[in-house]
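Listed below, chain by chain, are the residues.
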Amino acid sequence: MFKRITFLPLTIVFAVSVLFAIYLWQIGPGGKDISTLPSAMIDKPVPEFDLAPIEGRKLGLKSGDLKSGLSLVNVWASWCPPCRVEHPFLMELAEKGVTIYGINYRDKPADALRFLRNLGDPYKRIGADTTGRVSIEWGIYGYPETFLVDQTGRIRYRHVGPISSEVIENVFDSLMEKISKK
Amino acid sequence: MKTVIFLLFFLVTPALAIQPDEILEDKVLEERARVISKELRCLVCQNQSIDDSDAPLAKDLRVLVRERLQAGESDEKVIEFVADRYGDFVLLRPPVKASTLTLWISPIVILIVGVIFLLMRFRKQEKNMPVKVPPLSSEETKKLEAALGEDKR
Numbered sequence: 133m134f135k136r137i138t139f140l141p142l143t144i145v146f147a148v149s150v151l152f153a154i155y156l157w158q159i160g161p162g163g164k165d166i167s168t169l170p171s172a173m174i175d176k177p178v179p180e181f182d183l184a185p186i187e188g189r190k191l192g193l194k195s196g197d198l199k200s201g202l203s204l205v206n207v208w209a210s211w212c213p214p215c216r217v218e219h220p221f222l223m224e225l226a227e228k229g230v231t232i233y234g235i236n237y238r239d240k241p242a243d244a245l246r247f248l249r250n251l252g253d254p255y256k257r258i259g260a261d262t263t264g265r266v267s268i269e270w271g272i273y274g275y276p277e278t279f280l281v282d283q284t285g286r287i288r289y290r291h292v293g294p295i296s297s298e299v300i301e302n303v304f305d306s307l308m309e310k311i312s313k314k
Numbered sequence: 655m656k657t658v659i660f661l662l663f664f665l666v667t668p669a670l671a672i673q674p675d676e677i678l679e680d681k682v683l684e685e686r687a688r689v690i691s692k693e694l695r696c697l698v699c700q701n702q703s704i705d706d707s708d709a710p711l712a713k714d715l716r717v718l719v720r721e722r723l724q725a726g727e728s729d730e731k732v733i734e735f736v737a738d739r740y741g742d743f744v745l746l747r748p749p750v751k752a753s754t755l756t757l758w759i760s761p762i763v764i765l766i767v768g769v770i771f772l773l774m775r776f777r778k779q780e781k782n783m784p785v786k787v788p789p790l791s792s793e794e795t796k797k798l799e800a801a802l803g804e805d806k807r
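Chains B and A, in that order, give the protein sequences.
The numbering used here runs 132 ahead of the 1-based position in the first sequence.
The numbering used here runs 654 ahead of the 1-based position in the second sequence.
Don't read these hints as lab results, they were simulated from the structure.
C-beta atoms are modelled at their ideal positions from N, C-alpha and C, and glycine is treated no differently.
Worth double-checking, as some hints may not be accurate.
Derived contacts from chain A toward chain B, CB cut-off under 8 Å, selection only [as the list claims (entries may be wrong)]:
| id | residue |
| --- | --- |
| 1 | Cys699 |
| 2 | Asp706 |
| 3 | Asp708 |
| 4 | Pro710 |
| 5 | Leu715 |
| 6 | Leu718 |
| 7 | Gly741 |
| 8 | Leu745 |
| 9 | Leu746 |
| 10 | Arg747 |
| 11 | Val750 |
Work out the full structure: start from the sequences and follow the hints.
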């Protein structure tokens, strides 16, 4: 004969296992990425900054440039492999007429220019963040990161990691449509 | 010789992430910077503070913390500056807020539940104890002592 107390520890272990299983499922097949954090910058105006162009280019990037219409701000570097992965998608977006600005993070001008020469240049303007200071102002911790900035210069969305056709279809397209309708 | 080599191992300290050129000349400011750095999470390696991490972002943040201190900002203001941009996750000690209440209260709740559970068990055990045994009579005591005495011999 079992007393009720015998089952209590078993029940607790079972409940905890189920909880762990749910979490495991979420980060595995559930596709939840626990390394991405919610941005503290969402719905805030873009930080004040004024970046010089990459040496050898004409147009730099400053906060005022981001108030002229809906745009994407992409933080990239030539040494960052995922940036290479996402680059064709940025090219595609630029061809569709999306305004993309770049922040070139801690890069050597020659390397950055070669990157653009070889893979194409989807950026309307690029600011060179040689010290990483402006990236801190944006709350950036992974590369690449892509922000959606609305016409008033407010950050509406942030994507950490390379963008892909899924991200464009599932997130950016609908968001951009929603924002530009207003 | 072997002992000397062995003893030398005790002089080994963990490598510091902080670079010599980052360290401020002002000892008081540097000490404050170190304390703040230990409170801020490095978002690249997530389980290290920026004081422990070698990641470039951690270095940038360390330098930033020092610059703001040199500009005369208070410790709280510096931490607030970073938290405003990176969110509460950057704080290694989460603030008490509505959203973090579970985090702060659950250990206390679990402790209380545990204590109640133990008290209930003790009480149950006391109830189940057999009837109190009456003390030995003087005759029995004598018998017992005699028996023990035999053993001693």
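Check your understanding: Can Leu745/A be said to touch chain B, with a Cβ gap under 8 Å?
Key -> violated, 11 Å
Practice item. Grab the minimum C-beta distance from Leu715/A to chain B and call the hint holds if it beats 8 Å, violated otherwise. Key: holds, 7 Å
Check your understanding: Taking the least C-beta to C-beta distance, is Asp706/A closer than 8 Å to chain B?
Key -> violated, 16 Å
Practice item. Closer than 8 Å between Cβ atoms is the bar; does Pro710/A clear it against chain B? Give me holds or violated. Key: Check passed: Cβ of Pro710/A comes within 7 Å of chain B, closer than 8 Å.
Check your understanding: When the nearest CB of chain B is found for Leu746/A, is that gap smaller than 8 Å?
Key -> violated, 14 Å
Practice item. Answer holds if the nearest beta-carbon of chain B is closer than 8 Å to that of Cys699/A; otherwise answer violated. Key: Hint on Cys699/A: violated, closest Cβ of chain B at ~10 Å, above 8 Å.
**Study point:** Hint status (Cβ of Asp708/A to nearest Cβ of chain B, threshold 8 Å)
**Key:** Status violated, d = 15 Å.
**Study point:** chain B contact restraint for Gly741/A - C-beta distance below 8 Å
**Key:** holds, 4 Å
Check your understanding: Does Leu718/A meet its interface restraint, that is, does its C-beta lie within less than 8 Å of any C-beta in chain B?
Key -> Status holds, d = 6 Å.
**Study point:** Interface restraint verdict for Arg747/A against chain B (beta-carbon cut-off 8 Å)
**Key:** violated, 17 Å
Point to revise | Restraint satisfaction for Val750/A [CB to CB of chain B, less than 8 Å] | key: violated, 18 Å
Violation of the numbered hints given earlier is confined to hints 1, 2, 3, 8, 9, 10 and 11; the remaining hints are satisfied by the structure.
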